[in-house]
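Kindly produce the complete structure, drawing on both the sequences and the hints.
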Amino acid sequence: MYRFMENESGTQPAGEQVVAAGAKNLISMHNIWKTYQMGVEELHALRDVSFEVAKGEYLAIIGPSGSGKSTLMNLIGCLDSPTKGEYWINGHLVSTMTDDELARIRNKEIGFVFQTFNLLARATALHNVELPLIYAGMRAGERNDKAQAALASVELGDRVMHRPNELSGGQRQRVAIARALVNHPSILLADEPTGALDSKTSVEIMALFEKLHAEGNTIIVVTHEHEVAERAHRVITIRDGQIEKDERIK
Amino acid sequence: MDFTETLKLAISAIWAHKLRSFLTLLGMIIGVMAFMVVFSVLQGFNAYIDEKIAGIGSNSFTIQRFNFEDFKDTDTIAEAQRRNKEFTLEDLEYLRGRAVIMEKIGAKAGGNRRTLKVGNETMEDITVDGAEPIIGEIENVDVAQGRYFSDAENNNSMRVAFIGTDVADKLFPQGSPVGQEIDIRGIPYRVIGVRVAKGTVFGQPQDAFVQLPLKTYGSNFGGFRGGRYLYFLATAPSDALFKDAVDEARNLMRQRRKLEFGEKDTFGIVTPDAISGLRDSLFGTTFIVILAVPAIALLVGAIVIMNIMLVAVTERTKEIGIRKSLGARQNDILKQFLMEAATLSAIGGLTGLILAKIIGVIISALFIQTVIPWYAAVIAIGVSAVVGILAGLFPAWKAAQLDPIEALRAD
Chain A
1 MYRFMENESG
11 TQPAGEQVVA
21 AGAKNLISMH
31 NIWKTYQMGV
41 EELHALRDVS
51 FEVAKGEYLA
61 IIGPSGSGKS
71 TLMNLIGCLD
81 SPTKGEYWIN
91 GHLVSTMTDD
101 ELARIRNKEI
111 GFVFQTFNLL
121 ARATALHNVE
131 LPLIYAGMRA
141 GERNDKAQAA
151 LASVELGDRV
161 MHRPNELSGG
171 QRQRVAIARA
181 LVNHPSILLA
191 DEPTGALDSK
201 TSVEIMALFE
211 KLHAEGNTII
221 VVTHEHEVAE
231 RAHRVITIRD
241 GQIEKDERIK
Chain W
1 MDFTETLKLA
11 ISAIWAHKLR
21 SFLTLLGMII
31 GVMAFMVVFS
41 VLQGFNAYID
51 EKIAGIGSNS
61 FTIQRFNFED
71 FKDTDTIAEA
81 QRRNKEFTLE
91 DLEYLRGRAV
101 IMEKIGAKAG
111 GNRRTLKVGN
121 ETMEDITVDG
131 AEPIIGEIEN
141 VDVAQGRYFS
151 DAENNNSMRV
161 AFIGTDVADK
171 LFPQGSPVGQ
181 EIDIRGIPYR
191 VIGVRVAKGT
201 VFGQPQDAFV
211 QLPLKTYGSN
221 FGGFRGGRYL
231 YFLATAPSDA
241 LFKDAVDEAR
251 NLMRQRRKLE
261 FGEKDTFGIV
271 TPDAISGLRD
281 SLFGTTFIVI
291 LAVPAIALLV
301 GAIVIMNIML
311 VAVTERTKEI
321 GIRKSLGARQ
331 NDILKQFLME
341 AATLSAIGGL
351 TGLILAKIIG
361 VIISALFIQT
371 VIPWYAAVIA
381 IGVSAVVGIL
391 AGLFPAWKAA
401 QLDPIEALRA
411 D
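Quick note, the sequences are listed as chains A and W, same order. Residue 197 in the working numbering sits at position 197 of the first sequence, with consecutive numbering throughout. Residue 373 in the working numbering sits at position 373 of the second sequence, with consecutive numbering throughout.
Just so you know, the hints here were simulated from the structure itself, not pulled from any lab data. Computed from a predicted model, the values in this text were never measured in an experiment. Among the hints, a few may not be true.
As the list claims (entries may be wrong) - SDA-like cross-link-like pairs, simulated, lysine to any residue; straight-line CA separation at most 20 Å:
#1 W:K8 x A:A121
#2 W:K8 x A:E142
#3 W:K8 x A:K55
#4 W:K357 x W:V371
#5 W:K318 x A:I243
#6 W:K18 x A:A121
#7 W:K198 x W:N46
#8 A:K55 x A:G169
#9 A:K211 x A:I249
#10 W:K8 x A:M161
#11 A:K200 x A:V160
#12 W:K8 x A:R139
#13 W:K318 x A:G39
#14 A:K245 x A:A121
#15 W:K8 x A:K245
#16 W:K398 x A:E142
#17 W:K318 x A:E225
#18 W:K398 x A:D80
#19 W:K318 x A:A123
#20 W:K258 x W:R98
#21 W:K8 x A:A123
#22 W:K318 x A:H233
#23 W:K318 x A:G195
#24 A:K84 x W:I405
#25 W:K318 x A:R139
#26 W:K8 x A:R122
#27 W:K8 x A:G141
#28 W:K18 x A:R122
#29 W:K8 x A:Q115
#30 W:K318 x A:Q115
#31 W:K318 x A:E247
#32 W:K117 x W:N46
#33 A:K146 x W:D166
#34 W:K243 x W:K318
#35 A:K146 x W:E5
#36 A:K84 x A:E225
#37 W:K8 x A:H162
#38 W:K117 x W:V160
#39 W:K18 x A:A123
#40 W:K8 x A:V160
Here it is as structure tokens:
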């Protein structure tokens, strides 16, 4: 059923800079700083953050609002670059990349799941799931097959032609998860994935995450809800832009 | 992201805002439509004149009582009417007797409007004129049925008629008109031929006429005076000798009129060149002015498209953020919005073209045959697409530059 998620080793693009230090772990952050200039004052959203994530881990990042966890998520997701420090993902040195190189890494290595789903309202579930494949340059026929399979794997095989407004919150989030996984990324990166869902649906989505983890996917969940974080196998707590705790709970 | 994918995206985005897209394109549509209508009418007019010239034959010219310049104003018209005598058959004989370069010389007479009768059927206000048999060769008259006049019919003032298809269809709805008789002012004329139909030009039917041999016409309708003025058509044996033939006609007529050196001609010679020269002087500047107005409409259309694209980028900031988070590069976003602007604009161009075609059909039916050459249609759509791309450049660049984090935060 989860056949489309296999073959993860094939996601690493050939011919790019691969260094032994980065290759060992999927994610490797060394002394990461993120500083914002607020007028004359400097605001350090992240100060000297370092950690590693191995392939197949299920990691939760928690922290109160303003702790810098959103900034960290944007960095992990390659939506932003650090002010200082080195960030490696799947053997690629991301911290010095240009915008277009980052876009390529996001397309290949990251599968985003957002709190508010972030589906295109006008597009069908199928087209939403196809989007990463379109930007990967895949041909229409193959793309369609893969998107269909991804939707079937989140039990939405019968909803492919529905638009987001014709789906429930839980279904929308499952479309988003199918979209995140369709291009076989290295990491599934979820930002408050249950924040917009009722508790029953939240449980379903968290169960799906556990299942995906059992399949061998690397999952990083950014959240402020402890129930969500407790599902993970490792929890990193962020406070004032620094790692306060990094503990393995399972 | 490939071309078809981008195009599909553009069309679906345009389709999502049908009314807005249409209103946006109004300026574009009107601009292209006005441009194409004006262009097609001018093309039609040119084609008509070219056809007329070709019909006369490029080696032929007309010798007539007045010159183009005589019609400048009322004074020159009055002067020309005083100085320029009406042509006579003796003038024709004079030319024929002395011409060595001119190949064929034939005479025609201006038309009268008469009522035709066949049995109980009548046709009012039909042009009746006269022509020598040789005119059939000079004007390349196309005969649909029967034949043109013979010399014998002209020399003996025989009562025969060559008619247009409108007359043939109306008066002889059944069977061939050839051999039948038409009654004009109580005198019957036997139909000997029917010309190939030519349709209408400027709303004037070209096929409602009766032509008689020149001498028949002269004797039965009261001589070649006033509206029944004589004029001559002549041909040169070749293109190379055309100018010489015209000079010969002019010199012979001047001799005939005993004009002193330096005195103005008391007749006019109209060559195909003179006709196209007249056309160019009439339409040269007008052409540019008429085409400049739609160009301004196009410019306004472009500004409106730019504006709506800026609105679209603002509205779809979130969408841009989502696309970027999923791996869209700046180039992908740029292409998406450029394609949207170009497609929008090309749709406007195409709509304008279709409307112009419809208006062209109406104009063709009422006034003059209009022509939209294929290259003009291609240019119209191409230019509107390019205008769209230029108008979309800035908004698309703005969209491509958006920061994905900021864009994702937008509503």
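Cross-check of the supplied hints:
1. W:K8 x A:A121: Measuring from Cα to Cα gives roughly 16 Å; hence the hint holds.
2. W:K8 x A:E142: Within the cut-off at roughly 18 Å; holds.
3. W:K8 x A:K55: Given that 20 Å is the threshold and the Cα spacing comes to 38 Å, the pair is violated.
4. W:K357 x W:V371: 9 Å, holds
5. W:K318 x A:I243: 31 Å, violated
6. W:K18 x A:A121: 17 Å, holds
7. W:K198 x W:N46: 16 Å, holds
8. A:K55 x A:G169: Not satisfied, since the Cα-Cα distance of roughly 30 Å exceeds 20 Å.
9. A:K211 x A:I249: 18 Å, holds
10. W:K8 x A:M161: 17 Å, holds
11. A:K200 x A:V160: 23 Å, violated
12. W:K8 x A:R139: 14 Å, holds
13. W:K318 x A:G39: Roughly 27 Å between the alpha carbons, so the hint for K318 (chain W) and G39 (chain A) is violated.
14. A:K245 x A:A121: With a Cα-Cα distance of about 39 Å, the restraint between K245 (chain A) and A121 (chain A) is violated, given a limit of 20 Å.
15. W:K8 x A:K245: Roughly 49 Å separates the two Cα atoms, so the pair is violated.
16. W:K398 x A:E142: 32 Å, violated
17. W:K318 x A:E225: 26 Å, violated
18. W:K398 x A:D80: Status holds; Cα separation ~19 Å.
19. W:K318 x A:A123: 14 Å, holds
20. W:K258 x W:R98: 15 Å, holds
21. W:K8 x A:A123: Holds, because 12 Å separates the two Cα atoms, which is no more than 20 Å.
22. W:K318 x A:H233: 33 Å, violated
23. W:K318 x A:G195: 19 Å, holds
24. A:K84 x W:I405: Distance of about 19 Å is within 20 Å: holds.
25. W:K318 x A:R139: 26 Å, violated
26. W:K8 x A:R122: Holds. K8 (chain W) to R122 (chain A) sits at ~13 Å (cutoff 20 Å).
27. W:K8 x A:G141: This hinted pair holds, its Cα atoms lying about 15 Å apart.
28. W:K18 x A:R122: 14 Å, holds
29. W:K8 x A:Q115: Not OK: K8 (chain W) and Q115 (chain A) at ~29 Å, beyond 20 Å, violated.
30. W:K318 x A:Q115: 14 Å, holds
31. W:K318 x A:E247: 36 Å, violated
32. W:K117 x W:N46: 37 Å, violated
33. A:K146 x W:D166: 70 Å, violated
34. W:K243 x W:K318: 75 Å, violated
35. A:K146 x W:E5: Holds - the C-alpha atoms of E5 (chain W) and K146 (chain A) are around 17 Å apart, at most 20 Å.
36. A:K84 x A:E225: Cα-Cα ~30 Å, so violated.
37. W:K8 x A:H162: 19 Å, holds
38. W:K117 x W:V160: With a Cα-Cα distance of about 15 Å, the restraint between K117 (chain W) and V160 (chain W) holds, given a limit of 20 Å.
39. W:K18 x A:A123: 17 Å, holds
40. W:K8 x A:V160: Distance ~19 Å between K8 (chain W) and V160 (chain A) Cα, so the pair holds.
Hint compliance for this structure: hints 3, 5, 8, 11, 13, 14, 15, 16, 17, 22, 25, 29, 31, 32, 33, 34 and 36 are not met, and every other hint is.
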